[in-house]
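From first to last, the protein sequence lines stand for chains A and B.
For what it's worth, the working numbering labels the leading residue of the first sequence as 1, then goes sequentially.
For what it's worth, the working numbering labels the leading residue of the second sequence as 1, then goes sequentially.
One or more hints might be untrue.
In silico DSSO-like cross-links for lysine-lysine, where the CA-CA straight-line distance does not exceed 27 Å [stated by the list, open to error]:
hint	chain 1	residue 1	chain 2	residue 2
1	B	Lys-9	B	Lys-396
2	B	Lys-268	A	Lys-140
3	B	Lys-82	B	Lys-268
4	B	Lys-377	B	Lys-268
5	A	Lys-117	B	Lys-9
In case anyone wonders, no lab produced these hints; they're calculated from the structure.
Owing to the predicted nature of the structure, the values given are computational and were not obtained by experimental measurement.
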Amino acid sequence: MPLIQLTDVEKIYPLGNQQVVALSEFSLSIDKGEFTVLAGPSGSGKTTVLNLIGGIDQPTRGRIEIEGRDVGRRSTRALADFRLRHIGFIFQSYNLIPVLTAAENAEFTLMLQGMTKPARRARIRDLFADLGIGGLENRKPRDLSGGQQQRVAVARAMASHPAVILADEPTANLDSQTAEGLLDLMHRLNRQHHTTFIFSSHDPLVISRARRIVRLRDGRLEDDRVQQP
Amino acid sequence: MDILTLAWKNLWRNRRRSFITLTALSLSLMLMQGFHNLAVGSYARMIDSGVRAGSGHIALYRGDYNRSRDEALTYAAADLPKQLSAVTEVEHVLPRVYLPGLAQSSRESRGILLTGIAPADEAAVNPFLRQLEAGSLLNSSEGRGALLGSRLASELKLSVGNKLVITVQNRRGDLISELFRIRGIVHTGLRDVDGSLVMVGLKKAASMGGFPGEIHELALILNRAANVSEVMPKLTALMRHSAVHAVAWDVAMPNLSNSIKLDYASQKVIFAIMLLIVTIGIVNTMLMSVMERVREFGIILAVGASPGRLFQMILAEGLVMGILSVVTGSLLGSLLTWYLVDHGIDLRRIMPQSIEFGGVIFDPVLRAIWDLPWMAKISLYLLGLALAATIYPAIKAARLAPAEAMRHV
Numbered sequence: 001m002p003l004i005q006l007t008d009v010e011k012i013y014p015l016g017n018q019q020v021v022a023l024s025e026f027s028l029s030i031d032k033g034e035f036t037v038l039a040g041p042s043g044s045g046k047t048t049v050l051n052l053i054g055g056i057d058q059p060t061r062g063r064i065e066i067e068g069r070d071v072g073r074r075s076t077r078a079l080a081d082f083r084l085r086h087i088g089f090i091f092q093s094y095n096l097i098p099v100l101t102a103a104e105n106a107e108f109t110l111m112l113q114g115m116t117k118p119a120r121r122a123r124i125r126d127l128f129a130d131l132g133i134g135g136l137e138n139r140k141p142r143d144l145s146g147g148q149q150q151r152v153a154v155a156r157a158m159a160s161h162p163a164v165i166l167a168d169e170p171t172a173n174l175d176s177q178t179a180e181g182l183l184d185l186m187h188r189l190n191r192q193h194h195t196t197f198i199f200s201s202h203d204p205l206v207i208s209r210a211r212r213i214v215r216l217r218d219g220r221l222e223d224d225r226v227q228q229p
Numbered sequence: 001m002d003i004l005t006l007a008w009k010n011l012w013r014n015r016r017r018s019f020i021t022l023t024a025l026s027l028s029l030m031l032m033q034g035f036h037n038l039a040v041g042s043y044a045r046m047i048d049s050g051v052r053a054g055s056g057h058i059a060l061y062r063g064d065y066n067r068s069r070d071e072a073l074t075y076a077a078a079d080l081p082k083q084l085s086a087v088t089e090v091e092h093v094l095p096r097v098y099l100p101g102l103a104q105s106s107r108e109s110r111g112i113l114l115t116g117i118a119p120a121d122e123a124a125v126n127p128f129l130r131q132l133e134a135g136s137l138l139n140s141s142e143g144r145g146a147l148l149g150s151r152l153a154s155e156l157k158l159s160v161g162n163k164l165v166i167t168v169q170n171r172r173g174d175l176i177s178e179l180f181r182i183r184g185i186v187h188t189g190l191r192d193v194d195g196s197l198v199m200v201g202l203k204k205a206a207s208m209g210g211f212p213g214e215i216h217e218l219a220l221i222l223n224r225a226a227n228v229s230e231v232m233p234k235l236t237a238l239m240r241h242s243a244v245h246a247v248a249w250d251v252a253m254p255n256l257s258n259s260i261k262l263d264y265a266s267q268k269v270i271f272a273i274m275l276l277i278v279t280i281g282i283v284n285t286m287l288m289s290v291m292e293r294v295r296e297f298g299i300i301l302a303v304g305a306s307p308g309r310l311f312q313m314i315l316a317e318g319l320v321m322g323i324l325s326v327v328t329g330s331l332l333g334s335l336l337t338w339y340l341v342d343h344g345i346d347l348r349r350i351m352p353q354s355i356e357f358g359g360v361i362f363d364p365v366l367r368a369i370w371d372l373p374w375m376a377k378i379s380l381y382l383l384g385l386a387l388a389a390t391i392y393p394a395i396k397a398a399r400l401a402p403a404e405a406m407r408h409v
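Please work from the sequences and hints to get the whole structure.
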């Protein structure tokens, strides 16, 4: 059974009096431990696919299953709990909470899970060391570089050991060297923890580093292939 | 980091805005606590002065004397004062006789209210007797000495040592005249009282009225810690076989009671307006804070916070703001009260003449007293208000759809 299964998914957004079809007849299955990139131009539906898999948006039609459970048929509260325990998000513009320190940002999902402060701190300390940002725990996001902020965002996504990490254009705001470093890191985490990574990107660097490339155009699947390392 | 730490950090996201809101809340609480305590202090002094000169905290009357003022409604005091003095809360028992009459000097005559008092008991309590303008106090319950109100003495063109004739109607309907000598003149500041007050010995007044050994009123002065509503049942039980019944000061002196109620009602309206303005301020602050963070809330929801959890987070910000305001406001309110208890507000410069309020003289030096239960109550009320004002912004945040919120710029 695949980890993620999208079957004939359609997503239509209302825009004034019109309706915009963001995704149409889209089917995709992803197995545990994959390192997949959703590639395609802006407006092709990459972010929509990530949002639907992550349960932060609902499909207009079709079925989305994760670990055999239908994500689209859950209550708001059940979806929030599902995201908290199974999904990690990494965003293009880091989206760290500015009033919190790097460690507090990273442990945010652990706090939501009700983990005690000492346990949270212990896990974050190890994670920060592993991600090469040890010593930056007490810095506010404004005192960190773009690369460091994105690593804190990765730490936040990884903190609760999710089954899937969804990264929406994670390297878009990074220079190529930092982006390369981040991709190395994600590859390592993928290998070490068997965490499934799904990216959306139109960055050739990211696409070249993915093991599977799913191309979208105008909300439809254009191409789906596995590339050799 | 827990939900309250997060709320604390979020509160200081926009320092200036939060500071202004906190200042408004704290100052409102300070003013409400300070001015409530000042009002309660002023009312307490007025009540104290009113009950000591008037009917006491509790008065004992026969029938409906307190309404009808029918001179026939007398009763034998007998050993009642002794029994009442045994009640722990009762500090003083003052028997009194009231007779309307006529005072005549060699040149003028005026209508008066002849008040028979027990001189020794009354001297320790009655504030009128502390306003002695000339002469000395009464020294006998049976003698022919009299104390006159200052305006009456002036209108009758009398001074200390002069004689006057007082005429009253006794119980049988006969006119009884007696000669008195003025021992002292009192200036109460109350125009009506100064124009009609004649105090003589209790026994002398009762004998003129034709009811020796009987009185119209027993005024009870309670000790400071006592509460009228707690003492009333005791007295009612004590009087259950008697024609005499107990009346609380606010019933016996409706003018004073109603004036205080009216004054405090207007103050409550001002407090309500202040609280309304404060509430609008909190709603505005919280709503702006929420609207600025729509995208961030989208992220928080996306990473796994439930709408209920987000609602709690925003509510916690209101709670933190409320607690901070209550602590600061109560501290400032206590400082203001302390000043108003210790120094008060002296109105004598702007109010040189004494003012009558509800039948008593309004003390121009206003002093507060500590009303701690009310201070706690209004603090909790403000805290509740801060929370209530946060509910709408919190609901607004909790209803955000994460994907849509994350697209918000």
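Hints, verified against the model:
1. Under the criterion of a C-alpha separation no larger than 27 Å, the hint pairing Lys-9 of chain B with Lys-396 of chain B is consistent with the structure, at around 21 Å.
2. Distance check on the hinted pair: Lys-268 of chain B and Lys-140 of chain A sit about 47 Å apart at the alpha-carbon level, beyond 27 Å; violated.
3. At most 27 Å may separate the alpha-carbon atoms for a hinted pair to count; Lys-82 of chain B and Lys-268 of chain B exceed this at roughly 42 Å.
4. Among the hinted pairs, Lys-377 of chain B with Lys-268 of chain B is consistent with the structure: their alpha-carbon atoms are about 14 Å apart, no more than 27 Å.
5. Distance check on the hinted pair: Lys-117 of chain A and Lys-9 of chain B sit about 17 Å apart at the alpha-carbon level, within 27 Å; holds.
The structure fails hints 2, 3 (numbered hints given earlier, in ascending order).
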